[in-house]
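Peer 1: Sequence:
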Amino acid sequence: MATLLYRLGRASLRRRRLVAVVWLVVLVGLGLAAATLRGPTASNFTMPGTESQKAIDLLADRFPAASGATGTIAVKAPQDGALTSPAGQAVVKQVTQEAATLPGVVGAVDPYQAQALTPDGRYALIQVQFAGGADEVTDEQRDAYEKVGAQAEAQGWQIAPGGEVLNGEPEVGSTEAIGVLVAAIVLMITFGSLVAAGMTMLNALIGVGVGMAGLFALSGAVELTSTAPILALMLGLAVGIDYSLFITSRHRQNLLDGLSPEESVGRAVGTAGSAVVFAGATVVVALAGLAVVGIPFLTVMGLAAAGTVTVAVLVAITLAPALLGFAGHKVLPRKLRDRKAVENPTTGSEDRSGFGFRWARWVTRFRIPVILVGLLGLGLLAVPAQDMRLALPDASAAAEGTPARVSSDLIREGFGPGFTGRLAVVVTADSPQDTQAAIPQVTALVQKTEGVLAVAPPQVDPSGRTALLGVIPETGPTDEATETVVQDIRAQVAGIQNADVLLTGVTAVGIDVSEKLSDALPVYLLLVVGLSILLLMLVFRSILVPVKAALGFLLTVAATFGITVAVFQQGHLADLVGLDTPAPLVSFLPILLIGILFGLAMDYEVFLVSRMREDFVHGDTAQQATINGMGHGARVVTAAALIMISVFGGFVFLEDPIIKSMGFALAIGVAIDAFVVRMTIVPAVMSLLNNAAWWLPRWLNKILPNVDVEGEGLRAHLAEKQHANV
1 MATLLYRLGR
11 ASLRRRRLVA
21 VVWLVVLVGL
31 GLAAATLRGP
41 TASNFTMPGT
51 ESQKAIDLLA
61 DRFPAASGAT
71 GTIAVKAPQD
81 GALTSPAGQA
91 VVKQVTQEAA
101 TLPGVVGAVD
111 PYQAQALTPD
121 GRYALIQVQF
131 AGGADEVTDE
141 QRDAYEKVGA
151 QAEAQGWQIA
161 PGGEVLNGEP
171 EVGSTEAIGV
181 LVAAIVLMIT
191 FGSLVAAGMT
201 MLNALIGVGV
211 GMAGLFALSG
221 AVELTSTAPI
231 LALMLGLAVG
241 IDYSLFITSR
251 HRQNLLDGLS
261 PEESVGRAVG
271 TAGSAVVFAG
281 ATVVVALAGL
291 AVVGIPFLTV
301 MGLAAAGTVT
311 VAVLVAITLA
321 PALLGFAGHK
331 VLPRKLRDRK
341 AVENPTTGSE
351 DRSGFGFRWA
361 RWVTRFRIPV
371 ILVGLLGLGL
381 LAVPAQDMRL
391 ALPDASAAAE
401 GTPARVSSDL
411 IREGFGPGFT
421 GRLAVVVTAD
431 SPQDTQAAIP
441 QVTALVQKTE
451 GVLAVAPPQV
461 DPSGRTALLG
471 VIPETGPTDE
481 ATETVVQDIR
491 AQVAGIQNAD
501 VLLTGVTAVG
511 IDVSEKLSDA
521 LPVYLLLVVG
531 LSILLLMLVF
541 RSILVPVKAA
551 LGFLLTVAAT
561 FGITVAVFQQ
571 GHLADLVGLD
581 TPAPLVSFLP
591 ILLIGILFGL
601 AMDYEVFLVS
611 RMREDFVHGD
621 TAQQATINGM
631 GHGARVVTAA
641 ALIMISVFGG
651 FVFLEDPIIK
661 SMGFALAIGV
671 AIDAFVVRMT
681 IVPAVMSLLN
691 NAAWWLPRWL
701 NKILPNVDVE
711 GEGLRAHLAE
721 KQHANV
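Residue numbers (full-length UniProt numbering): 1 to 726.
By construction, these hints were calculated from the structure, which means they are not laboratory data. Do not rely on the hints blindly, as some may be mistaken.
Capping the alpha-carbon separation at 25 Å, the derived lysine to aspartate or glutamate pairs in DMTMM-like fashion look like this [to be verified]:
id	residue 1	residue 2
1	LYS54	GLU263
2	LYS54	ASP409
3	LYS335	ASP257
4	LYS93	ASP143
5	LYS147	ASP409
6	LYS147	GLU413
7	LYS335	GLU263
8	LYS76	ASP409
9	LYS76	GLU146
10	LYS93	ASP57
11	LYS147	ASP135
12	LYS147	ASP110
13	LYS76	ASP143
14	LYS76	ASP110
15	LYS516	ASP57
16	LYS147	GLU136
17	LYS448	GLU400
Derived Cβ-Cβ restraints for the label pairs, each shown as a range [as the list claims (entries may be wrong)]:
id	residue 1	residue 2	range
18	ARG490	VAL22	50 to 60 Å
19	ALA692	GLY530	19 to 29 Å
20	PRO333	ALA221	42 to 52 Å
21	GLY530	ALA177	52 to 62 Å
We put the CB at the ideal spot given by N, CA and C, even for glycine.
Start from the sequences, fold in the hints, and give me the full structure.
Peer 2: Encoded structure:
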């Protein structure tokens with residue numbers, strides 16, 4: 001691999017104009033395709049095969065008028081009893097009529113007919129039925145819905161439209177640009193050259209542009225969840241900067257060692273580029289592996305992010321060498337740019353007094369205390385993870401002041417939390433008679449279920465074969481008690497004869513999705529850990545090093561879960577991340593976090609430990625090889641980790657609680673893995689294992705293919721080339 005990439009790097013530099021033009025053409029072409037072919041993103045998370053999804057599909061087929069998105073308009077009168085007065089009734093009826101005539105709306109239910117009024121006559125609920133699903137509601141229709149009741153508000157009434165129809169696509173604004181700005185500053189400090197920093201950032205931005213344009217171009221044919229592009233942007237930007245950073249850093253060192261720009265780029269791509277390809281492959285495999293779980297929206301999210309990471313790798317090993325060719329010696333700090341400094345091999349002689357070497361010596365000297373403190377500290381951070389609860393967030397967790405949150409708070413204030421997450425029972429049979437016979441049985445069974453507040457009168461489709469009953473639980477959508485109510489209702493109606501009874505609704509869908517993801521989590525974790533051991537065994541020709549890496553990854557995941565639960569679920573230090581209301585973690589966060597952190601953890605493992613193996617193979621003792629690996633890699637890995645933390649951390653400033661929690665968890669996970677696990681515990685354990693770290697049975701050594709990440713084959717190739725020239 002290293003020899004092939006060496007040739008690719010040199011070819012990219014020699015034909016740098018062609019390479020740059022090709023990537024620009026690809027960027028422009030995909031950009032035009034995205035502009036013309038882009039389709040809408042989905043804000044709902046469906047789960048084929050679950051009872052709630054079967055009910056939704058059945059309604060779409062037999063009762064389409066009730067299968068569209070729903071909205072709930074909360075009405076609060078200026079004083080108690082106003083709703084029962086003739087003037088108050090006129091105001092509410094006017095708002096109801098206004099809602100019923102909105103574009104895309106099938107109808108609105110009069111709260112007086114539905115008896116959706118509080119006993120004090122101050123609060124009312126207007127149910128609004130849209131023709132299409134939540135993802136089919138246009139921005140214009142949503143805007144019109146949010147403006148309902150303006151005339152009533154002018155008279156002192158509070159009108160708050162809400163419901164699933166307000167589930168829109170999270171917007172990427174200017175706040176996450178802070179992370180990119182911090183990344184640029186880290187690059188300038190690391191390189192000491194504006195040219196090197198700017199070129200690395202440009203390389204990453206072109207890669208992200210290509211990846212995102214390609215993703216949006218495909219969105220017309222493939223349904224994307226609203227969070228998929230955000231995740232792809234997060235990862236594509238972070239790894240794009242990091243991969244270019246690794247190659248540029250090695251190129252600069254090669255220039256200081258006296259190599260020509262072409263030879264320097266070739267060797268940088270052959271060595272650091274090999275690690276980039278392997279590290280990128282691990283991220284891609286981990287993300288694509290989400291397809292194994294069998295959850296469509298998660299599969300799409302994983303493949304979308306994997307696509308942008310793949311583009312980042314391709315850009316790093318082709319466009320980066322081309323841009324380095326344009327930059328020449330300007331990638332070096334100004335004081336090292338003069339010809340004598342570059343041509344003198346001793347200029348780049350290794351300074352072993354730097355922080356990386358000093359840190360490595362200290363860690364290896366006190367390896368036992370370091371390991372114990374590290375394990376104890378991460379163990380304590382992981383403690384809150386045992387209380388982790390998963391759910392799809394409802395409007396009560398939205399940012400304060402948003403229309404969805406205002407409506408949710410008003411409904412809770414007047415009616416109670418159960419009204420913000422209604423359940424729906426679908427009763428269907430082959431004949432209207434069977435359906436009519438089953439309705440009273442189902443109603444009675446549901447009403448006597450503990451935790452059910454009320455059951456609404458049935459709505460029957462024109463054929464009379466399908467009925468829909470609204471069920472209001474006593475507790476909110478994400479409360480643990482509501483999950484129990486859902487299971488109890490399903491158990492109660494399981495024995496109904498001659499009719500099918502299915503429970504659905506946004507709350508039931510969220511519970512089903514969370515349950516399916518929780519069941520899949522251990523399987524995926526086992527898959528990822530097994531994969532990490534196998535891949536690292538190929539790279540490092542060792543058994544203990546991969547096992548150590550996998551255990552370190554588990555420590556990272558456990559501590560990250562613990563901190564995320566403490567902040568987002570339990571509310572500790574929530575103000576620091578701008579979180580208004582603590583809530584259960586979004587159900588797909590743990591499994592997604594495992595896939596992403598696995599790939600990123602392997603990045604740092606490869607970049608640090610591959611240099612340790614390289615020096616060990618070339619004659620250094622195991623102890624000295626460990627110190628050398630840390631000394632050479634600490635500065636670059638530190639910069640790479642800070643960049644990733646900055647990019648991920650920039651998304652914490654978004655209002656959307658899902659994106660906020662994803663950005664926070666990824667930033668914390670990278671910080672723990674890079675600084676605590678890879679740069680502290682790993683060298684301590686490597687020092688403790690000594691020569692045993694590199695033990696591999698002979699029979700296994702013969703079976704495993706040699707991927708040559710360290711570039712041993714490349715060195716042999718260069719030695720033969722030099723000998724032939726002599």
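Peer 1: Look at each hint and say if it fits the structure.
Peer 2: Hints, one by one, checked against the model:
no., hint, result
1, LYS54 to GLU263, "61 Å, violated"
2, LYS54 to ASP409, "31 Å, violated"
3, LYS335 to ASP257, "15 Å, holds"
4, LYS93 to ASP143, "21 Å, holds"
5, LYS147 to ASP409, "18 Å, holds"
6, LYS147 to GLU413, "21 Å, holds"
7, LYS335 to GLU263, "22 Å, holds"
8, LYS76 to ASP409, "12 Å, holds"
9, LYS76 to GLU146, "16 Å, holds"
10, LYS93 to ASP57, "33 Å, violated"
11, LYS147 to ASP135, "19 Å, holds"
12, LYS147 to ASP110, "19 Å, holds"
13, LYS76 to ASP143, "21 Å, holds"
14, LYS76 to ASP110, "15 Å, holds"
15, LYS516 to ASP57, "18 Å, holds"
16, LYS147 to GLU136, "19 Å, holds"
17, LYS448 to GLU400, "36 Å, violated"
18, ARG490 to VAL22: 50 to 60 Å, "57 Å, holds"
19, ALA692 to GLY530: 19 to 29 Å, "22 Å, holds"
20, PRO333 to ALA221: 42 to 52 Å, "48 Å, holds"
21, GLY530 to ALA177: 52 to 62 Å, "39 Å, violated"
Hint violations for this structure: numbers 1, 2, 10, 17, 21, all remaining hints satisfied.
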